[in-house]
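In terms of our numbering, the sequence shown opens at residue 1 and continues consecutively.
The hints are simulated quantities; they were obtained by calculation from the structure and are not laboratory data.
Each hint should be verified, as a subset may be incorrect.
[Stated by the list, open to error] Simulated restraints on C-beta separations:
1. A129 / K46: 24 to 34 Å
2. I4 / F38: 20 to 30 Å
3. R35 / L115: 35 to 45 Å
4. L112 / P60: 25 to 35 Å
5. G2 / A29: 34 to 44 Å
6. T106 / L28: 51 to 61 Å
7. A124 / S36: 57 to 67 Å
8. S36 / A129: 48 to 58 Å
9. V25 / T87: 18 to 28 Å
Note that this is a predicted model, so its numbers are computed, not measured.
For every residue, glycine included, the Cβ atom is placed at its ideal position computed from N, Cα and C.
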Amino acid sequence: MGEIAFTAGALYVIVLLRAGGTFAVGWLAGAGARRSRFAERISSAKFQRVERAIQRWGAPVVAVSFLTVGFQTAANFLAGSMRMPLTRYLPALFVGGAAWALVYATVGIGVLGVLADLFAERTALGVAAVAALLLVVCGVVVHRRRRTVPPAPVPADGEAS
């Protein structure tokens, strides 16, 4: 239990610094955009409504974003660039960061422990499992790329190919 608490504490500090830093960079980017050639677009009524909605209702999104993969950085940056008040952002950061740290500390340590035991006791099985996982990941990547590439046009009859 001590190992999980230490790991969760370390991960919590890391996520607070990383997500808080992302929020700060977003805040600075938003401030820069407000002084740039985009200032007129940013001051439109529609943009102002969106900004107010994010300032008011964005905190739950920020908190839940920590339980997703790949969305938390965008959520923290957007919260900063849209000037979410710290009184709303910080509680979301603390709650979401704690959830993230606990999930990664418990599940992460468990997965690493299983992998360590697997490689220590049955190295060939461990290598085979990692190789199979890599093949699956590569297969998914290739499949997605093939789906996004449009098919080549088929030449009409009588045209040279």
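To see whether the hints hold, each was checked on the structure:
1. A129 / K46: 24 to 34 Å: violated, 51 Å
2. I4 / F38: 20 to 30 Å: violated, 46 Å
3. R35 / L115: 35 to 45 Å: violated, 50 Å
4. L112 / P60: 25 to 35 Å: Once the Cβ atoms are compared, 31 Å apart, the range 25 to 35 Å for P60 and L112 holds.
5. G2 / A29: 34 to 44 Å: holds, 40 Å
6. T106 / L28: 51 to 61 Å: violated, 35 Å
7. A124 / S36: 57 to 67 Å: Holds: the Cβ-Cβ distance is about 59 Å, inside 57 to 67 Å.
8. S36 / A129: 48 to 58 Å: For A129 against S36, whose Cβ atoms are near 51 Å apart, the range 48 to 58 Å holds.
9. V25 / T87: 18 to 28 Å: About 20 Å separates the Cβ atoms of V25 and T87, which means 18 to 28 Å holds.
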